[in-house]
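*Asks:* Here are the chains, one letter per residue:
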Amino acid sequence: MSDIKEISPNNLALFGIIGGLVGIYVSPLFPPYTPTLGALGAICAVIWSAEAVRRVAKYGLGTGVPSIGQIAMGMGIVAAMFGLAIVTAFPGATMAGPVVALITASVIGFIIGWFAQNVIKMKIPVMIRCMTEIAAAGSLVIIGFSVAVAGNFEFSNIIAMVFDNGVMLAVFWVGAMAMLHPFNACLGPDERQKRLLYLAGSTGAITMAIMGIAAIMTLGTSGVITLILGIILWLIFYKKFWDEVYKDSAAVVGTGLIPKTEA
Amino acid sequence: MVALDPTLIMNVLLIAISGTLVCIAVHFIPVGGAPAAMAQATGIGTGTVELAAGSGLVGLITASYMYANEPAASMALVLAAGAMGSMIMIASTMFAGSLIYAYGVGVPFASAQIKKDPFTGARQDLYMSKGTQGQGLPTVCFVSGIIGAALGGAGGGLIYFVLVQLYSQSALIGTSAAAVAGVFTMGVFYVNAVIPSYGVGGTIEGFHDPKFRRVLPKDAVTSFIVSLICGVVAVFIGGGLL
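Sequence lines, in order, name chains S and U. Using our numbering, the first residue of the first sequence is number 1, and each one after it goes up by one. Using our numbering, the first residue of the second sequence is number 1001, and each one after it goes up by one.
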């Protein structure tokens, strides 16, 4: 099965960054129909981060895959809050918030990756790049899902609708699960990118459905759209993942029996 | 940008110190990972991050409870409340784990890293099963875990204490200071719980483990610098430097 074509990390990174930012920027435009696009953008970022987690966790972190999802959300939340808050000090710069958050997350991720590689000496060649990507994706996931719940990315609005009522904890935890679960579930010698990406889509979509429930509380109509779209996307992606599992398990069965001489 | 206020620099430094405290705390907690879950290594059978975060977040809750009920509380009181919550959490985890190891799995508690327990004086190597890295939670690991939890809870409480005071003066955050400070603390906490867990490579027995001395300095340096950056970012969120 060596002739499988994989999507290159660069293309997936572009997909995550562009998809994530477009979703976040379009979401405040036509309420109540567009806030759900923030969650769709976050799904793009989830798919990107799942691939980044896959590349770095393949080397064996020694602490399990979940740790990298948690550090991603830790870096992401710090950067997202900074990016959205700092622009409020400059009148007219509110639009730059998500981009500032993305850049801040990349810088923090790069620094942590550099230290992990050169000071802690983890000896993982892709550490710096993947840590940068994971942090950046983490910030997009947090902003994207927050926007789906709050309706726009003004920090004061996000504080009132996402922080005060505790929805941020759901964004944090379910978002982290969406990022780390795909590789955690698929890892092993038979792991394939296509299956993992479909699973990432499905975890992202179910996170979107949960954010839909939260958004019904805060935004009303828009939340219903997010919830229904999230469930539909989850069913689609999960079916795709299911099909891939069937295909791959057939390949495993077909490898032949254990040699008789061993008995 | 105005001239740097000494209290702001103090706040940034306090956040950096508390992040480092969390990092040091992780090294004290006896984590065995998957081997310990099968009673083949000393420590609690789960990941470093889960234990550090579990105890640290309980510390955060108790610290914030103290602060919410007594806003005039001194820093020492908030830190003590955080440490206490954290210690109770980790002690109950270790106690419940020990019950299962002793009466469920049926293994004698022994450490692979030392010959004699410094607290009880009991020989360890006699009770080690062949092919394992020790099993269960000997007294030294239990004590080490309690010390670690105290440091972690105090660290988490300190970040919260600094941030909630900073943010309650901010025009942007104001009344939501507790929520924003809590979430930011959680972010810094996770970053500082994962960094040392990469350093220790998943398992550590406590302060008596040779690994402790080997990895602590570089993990602490990393954590200090990363927390320093987080501190600067935190002050910016409060609009302090602008």
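Everything labelled a hint here was simulated from the structure, so no lab data went into it. Given the structure is predicted, the values throughout are model-derived calculations rather than measurements. We put the CB at the ideal spot given by N, CA and C, even for glycine. Don't take each hint at face value.
Claimed, not checked - In silico contact screen, one side only, chain S against chain U (beta carbon under 8 Å); selected entries:
(1) P28
(2) L29
(3) P32
(4) L61
(5) V78
(6) T88
(7) Q117
(8) I120
(9) F155
(10) N157
(11) D164
(12) M168
(13) A170
*Asks:* Give a verdict on every hint.
*Replies:* Hints and how they fare:
no., hint, in the structure
1, P28, "violated (19 Å)"
2, L29, "violated (24 Å)"
3, P32, "violated (24 Å)"
4, L61, "holds (7 Å)"
5, V78, "holds (4 Å)"
6, T88, "holds (6 Å)"
7, Q117, "violated (10 Å)"
8, I120, "holds (5 Å)"
9, F155, "holds (7 Å)"
10, N157, "violated (11 Å)"
11, D164, "holds (5 Å)"
12, M168, "holds (5 Å)"
13, A170, "violated (12 Å)"
Hints 1, 2, 3, 7, 10, 13, counting from the list given before, are not met by this structure.
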